[in-house]
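Undergrad: Protein chains in written order, with this note's numbering: chain Y, 12 to 318; chain S, 27 to 275.
The reader is advised that the hints may include incorrect statements.
BS3-like, lysine-lysine: derived pairs with alpha carbons at most 27 Å apart [what the hints assert, rightly or not]:
#, chain 1, residue 1, chain 2, residue 2
1, S, K223, S, K95
2, S, K223, Y, K311
3, S, K254, Y, K285
4, S, K249, S, K223
5, Y, K293, S, K223
6, Y, K252, S, K223
7, Y, K278, Y, K311
8, Y, K285, S, K249
Far from chain Y by the CB rule (all over 12 Å, computed), these chain S residues [unchecked claim]:
#, residue
9, P38
10, A42
11, E66
12, S79
13, S82
14, A147
15, E191
16, V215
17, R216
18, M219
19, K222
20, A231
21, P250
For the record, the hints were derived by calculation from the structure and aren't laboratory data.
Please read these numbers as outputs of a predicted model, since none were measured by experiment.
Where a beta carbon is used, it is the ideal one built from N, C-alpha and C, also for glycine.
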Amino acid sequence: MDITIIAETQDGGLHPVTAQLVGAASSLGASLTVICPGGAGGEEACGISGVGKVLAVTGDCFATFDGGAWAEALDAVAGGDLVIGAAPTSGRDICSRIAARRGVSIIQDVINLSPGLNITHPIYSGKANQDLTVTGNCVLTLRANTFPPAPSGGTAQLSTVQQSGDVRLAVAEAFARASERLDVTDADIIISGGRGMGHPDNFRHLYEVADVIGAAVGASRAAVDTWEEIPHSLQVGQTGKTVNPSLYIAVGISGAIQHLAGMRTSKYIVAINKDPEAPIFKVADYGIVCTWEEAIPVLKEELSKLT
Amino acid sequence: MVTIAVLLKQVPDTTARITVSDGRVDETAISTWVTSPYDEYALEVAIQHKEASGASITAITLGPPRADKVLKDAAALGVENLVRVWDDAWESLDSNQVQAALSTILEGVEADWIYCGKQSADRNQGSTGPGVAERLGMACIVEISDWDVTGAQPSFTRATSSGNERLAPTPPIVLTFTKTETELRRPNVRGIMAAKKANIEVVSADIGDAQVQVVAHNPPAQKPEGRKFEGAESVPEVVGLLRDEAKVI
Ligand SMILES: Cc1cc2nc3c(=O)[nH]c(=O)nc-3n(C[C@H](O)[C@H](O)[C@H](O)COP(=O)(O)OP(=O)(O)OC[C@H]3O[C@@H](n4cnc5c(N)ncnc54)[C@H](O)[C@@H]3O)c2cc1C
Chain Y
12 MDITIIAETQ DGGLHPVTAQ LVGAASSLGA SLTVICPGGA GGEEACGISG VGKVLAVTGD
72 CFATFDGGAW AEALDAVAGG DLVIGAAPTS GRDICSRIAA RRGVSIIQDV INLSPGLNIT
132 HPIYSGKANQ DLTVTGNCVL TLRANTFPPA PSGGTAQLST VQQSGDVRLA VAEAFARASE
192 RLDVTDADII ISGGRGMGHP DNFRHLYEVA DVIGAAVGAS RAAVDTWEEI PHSLQVGQTG
252 KTVNPSLYIA VGISGAIQHL AGMRTSKYIV AINKDPEAPI FKVADYGIVC TWEEAIPVLK
312 EELSKLT
Chain S
27 MVTIAVLLKQ VPDTTARITV SDGRVDETAI STWVTSPYDE YALEVAIQHK EASGASITAI
87 TLGPPRADKV LKDAAALGVE NLVRVWDDAW ESLDSNQVQA ALSTILEGVE ADWIYCGKQS
147 ADRNQGSTGP GVAERLGMAC IVEISDWDVT GAQPSFTRAT SSGNERLAPT PPIVLTFTKT
207 ETELRRPNVR GIMAAKKANI EVVSADIGDA QVQVVAHNPP AQKPEGRKFE GAESVPEVVG
267 LLRDEAKVI
């Protein structure tokens, strides 16, 4: 079997999820080609163990994001019976299109993959998992932080191919994000606040803790909907972002099913809530029954001692 | 005249308990079915676009007869044309088949602007918008979080890794929406009465063979019960556990 992996790039280099894609694909015992959209991260990709070949794809279309143009360019250079990408927004867009171009199926957000092509992915926002097999070729996207990354030590050859696609989307105006804060989907530790924070100004305490441990700040929908100051980009859950960090700290969040849908696969969950009956305690590895007003200052102090 | 299509999917209510029996999710145990939440935002913007442009809207759903409800609900908000794609032989369709069915209908509608949610609340895939766009040879903007559809040139904003980008695209195009702070409109009595009489066109489509086979559904792995602590004085112990036991800090 021939597998093409679409590298996830970030700030001109490789996003760490790329090594996870290689790790997952290696278990299928196939020849692996990594293609780097826009050419970013090519050298780095050569250094991932298990990679057979790296293609840096350069073309005008990679200057801005147009899923259609990217898919056209990448599909033209991607061989492969199986194409694998990462599941964040752009990966899902490109991979859906590559599958449609090839007339094959796409399965997104895969959390388990084994030879024979047995595929598992969550459905109903994680309330169930679905095991699938596929006849013929297909395209997959894999959930980040789920597969162990392939180690470094690879010595693949890098080739550059010139290939562009038909760009139909033009950016009229770009706005830089006001804050340089880490986004919840990129963070390995998240501290989220809910309605129990009482007032949007109190999120300041969460930011202080976040700064100590390099975490991102998230929020429940109730917090986002109640307070204009808390932007929707912070929302975790069914209609917000799905996150999968090593540590998720929920503060003043009751643990409604729609919130759990976005964070229940976090490796460790800490809940701080004054109500001992709050449903969040059912999914918490470590639950602390306490008001945040009392718990957060101690948390901040204890974490500061570690660094 | 401007033509708008909106793709709507019926899904279990987000609070529904999902149970698995004999290796399959038991859909008969689900009592409340709703329009997928992201699709509701797509519909809201489509209606704003219609109000500003005098366009007509065709709402399309793929699903069994119970899915008529999402079309009736859309009609109550002023959507004129209702189409349900279905064939009683269909069971669990793969992405390729879903897109084939929807594309066939969309080709007939000749919509300039195709609105849909960024993903459905049951399958959570996010493949339909871009996949349909590819099949129809259209551009697609995914996960739109802000828009201005009041003028002659509608514009749409998406998030990027460093901020936001506003695009003013040329139709035909597919637009997928995320949840925003926008208040969703509710139907009025006149709308509800009109919806009762609204006609739903039911059509089938050639979707080819399934390439994906469902082996089994499983409940998610249960986490072992966690530990519960009382009061702020337990925080140092929890931090110690995070460091030494969980090894996450
Ligand atoms: C279609 C749909 C989609 C949805 N999508 C999402 C989503 O994406 N994300 C999401 O989060 N929700 C979502 N919701 C909303 C969800 O149902 C809940 O309403 C929401 O998660 C509740 O947020 P909360 O836990 O912050 O607030 P509440 O439920 O009000 O809980 C507040 C908690 O704070 C605790 N508390 C109060 N004071 C203190 C204190 N001083 N110290 C410590 N604890 C305190 C309380 O005990 C309580 O448990 C959705 C709902 C629907 C219908």
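Undergrad: Find the hints from earlier in the document that the structure breaks and name them by number, from lowest to highest.
TA: Result: hints 2, 4, 5, 6, 9, 10, 11, 14, 15 and 21 break, sorted rising.
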